[in-house]
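*Asks:* The chain contents come next:
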Amino acid sequence: MRHLLSLPRLASRAFSTTARQLKNKVPERQKVFLEDNGLPVHIKGGTTDVLLYRLTMTITVAGTGFSLYWLLLACMPKSKAQ
Amino acid sequence: MAHQAHAYHMVDPSPWPLTGAVGGLLMTSGLAIWFHFHSTTLMTLGLMLLLLTMYQWWRDIIREGTFQGHHTPPVQKGLRYGMILFITSEVFFFLGFFWAFYHSSLAPTPELGGCWPPTGIITLDPFEVPLLNTAVLLASGVTVTWAHHSLMEGERKQAIQSLALTILLGLYFTALQAMEYYEAPFTIADGVYGSTFFVATGFHGLHVIIGSSFLAVCFLRQVQYHFTSEHHFGFEAAAWYWHFVDVVWLFLYVSIYWWGS
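Top to bottom, those sequences are chains A and B.
My numbering numbers the first residue of the first sequence as 1 and each following residue consecutively.
My numbering numbers the first residue of the second sequence as 1 and each following residue consecutively.
These are computed hints drawn from the structure, not numbers from a lab.
Away from chain A, derived, C-beta distances all over 10 angstroms, residues of chain B:
{"#": "1", "residue": "A7"}
{"#": "2", "residue": "R80"}
{"#": "3", "residue": "L165"}
{"#": "4", "residue": "F251"}
Once the Cα atoms are required to be at most 25 angstroms apart in a straight line, the calculated SDA-like pairs of lysine to any residue come out as:
{"#": "5", "chain 1": "A", "residue 1": "K25", "chain 2": "A", "residue 2": "D36"}
{"#": "6", "chain 1": "A", "residue 1": "K44", "chain 2": "B", "residue 2": "G20"}
{"#": "7", "chain 1": "A", "residue 1": "K44", "chain 2": "B", "residue 2": "W57"}
{"#": "8", "chain 1": "B", "residue 1": "K77", "chain 2": "B", "residue 2": "Y225"}
{"#": "9", "chain 1": "A", "residue 1": "K44", "chain 2": "A", "residue 2": "L22"}
{"#": "10", "chain 1": "A", "residue 1": "K44", "chain 2": "B", "residue 2": "F233"}
{"#": "11", "chain 1": "A", "residue 1": "K25", "chain 2": "B", "residue 2": "M54"}
{"#": "12", "chain 1": "B", "residue 1": "K77", "chain 2": "B", "residue 2": "I210"}
{"#": "13", "chain 1": "A", "residue 1": "K23", "chain 2": "B", "residue 2": "R59"}
{"#": "14", "chain 1": "B", "residue 1": "K77", "chain 2": "B", "residue 2": "H3"}
{"#": "15", "chain 1": "A", "residue 1": "K31", "chain 2": "B", "residue 2": "M10"}
{"#": "16", "chain 1": "B", "residue 1": "K157", "chain 2": "B", "residue 2": "T228"}
{"#": "17", "chain 1": "A", "residue 1": "K25", "chain 2": "B", "residue 2": "D12"}
{"#": "18", "chain 1": "A", "residue 1": "K44", "chain 2": "B", "residue 2": "I61"}
{"#": "19", "chain 1": "A", "residue 1": "K78", "chain 2": "B", "residue 2": "T40"}
{"#": "20", "chain 1": "A", "residue 1": "K25", "chain 2": "B", "residue 2": "H148"}
{"#": "21", "chain 1": "A", "residue 1": "K23", "chain 2": "B", "residue 2": "T228"}
{"#": "22", "chain 1": "A", "residue 1": "K31", "chain 2": "B", "residue 2": "G69"}
{"#": "23", "chain 1": "A", "residue 1": "K44", "chain 2": "B", "residue 2": "R59"}
{"#": "24", "chain 1": "A", "residue 1": "K31", "chain 2": "B", "residue 2": "I61"}
{"#": "25", "chain 1": "A", "residue 1": "K23", "chain 2": "B", "residue 2": "I62"}
{"#": "26", "chain 1": "A", "residue 1": "K44", "chain 2": "B", "residue 2": "M48"}
{"#": "27", "chain 1": "A", "residue 1": "K25", "chain 2": "B", "residue 2": "Q68"}
{"#": "28", "chain 1": "B", "residue 1": "K77", "chain 2": "B", "residue 2": "Y55"}
{"#": "29", "chain 1": "B", "residue 1": "K77", "chain 2": "B", "residue 2": "H149"}
{"#": "30", "chain 1": "A", "residue 1": "K23", "chain 2": "A", "residue 2": "L34"}
{"#": "31", "chain 1": "A", "residue 1": "K25", "chain 2": "A", "residue 2": "G46"}
{"#": "32", "chain 1": "B", "residue 1": "K157", "chain 2": "A", "residue 2": "L22"}
{"#": "33", "chain 1": "A", "residue 1": "K44", "chain 2": "A", "residue 2": "V61"}
{"#": "34", "chain 1": "A", "residue 1": "K44", "chain 2": "A", "residue 2": "M57"}
Glycine residues also receive a C-beta, built at the ideal position from the N, C-alpha and C atoms.
Start from the sequences and build out the full structure, keeping to the hints where you can.
*Replies:* Below, the structure is given as structure tokens:
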């Protein structure tokens, strides 16, 4: 019973990322993004930014091509084989 | 930045408007391709692109405001106008569906039995789960206001707790509504009653999910010390949106659930 009663206290200690352990990392981030390196904000954060940008652009270009392909296909008269 | 002699924000060139537009193209053409050619690839690509665009675009706005200091008072004023205009456009969106509902329900046709609710429709009891849903959303309006005041007074822990409670209430509403949808004695295909009910409440439910997501992002930002007691417009925008969602529900409840039953 005693163990059960101490459960709320133990749970809040285990999951207290919000109250105690999290440090304010905003000043560090401000330093990174205020650096005078001429980089635009969408890739100024580092390697992850560049990778995510490249993935997004790849889908954009490939997707546009893909939609044009399907458009051409949709424009074709229906062949009897289908 | 020491380079500008004005308080306005000249944004860096960004690829996200283009990727977002292409995402819209892929989703719409993808929908047509799904209907006619049974392939969901294009639509899925479009959805992925839209999600990637939203994530990166809003991430960049947070960087520009919180880390680069571009959101000066005049810039913030512009953002406020923008959010107000957006919510106004959403009000008109819902007005259309209310117009449809009142058009059909104020003068019910002979095909419906000349009455509202139409013959054969078993309506939901407005004093059961719908009333609970009303209480849940009203309570969430109180908790989001509590969160705002906590933010303004610099009460970090209270702001986190009340914001968390608001999000939980939003999720509770969604769960209850999902259950109602499953248990409802009528479907979207049940004439104009079904159409107006599920389209109006369905779009509202989608907005609850959007609002809850917006609040969840604010929660994460508050935990990471992004907001100050003077400057927290992202949260205010989320709170405005949440109140809008709440008000739409009140109109839905009174019109469709209560008067329409």
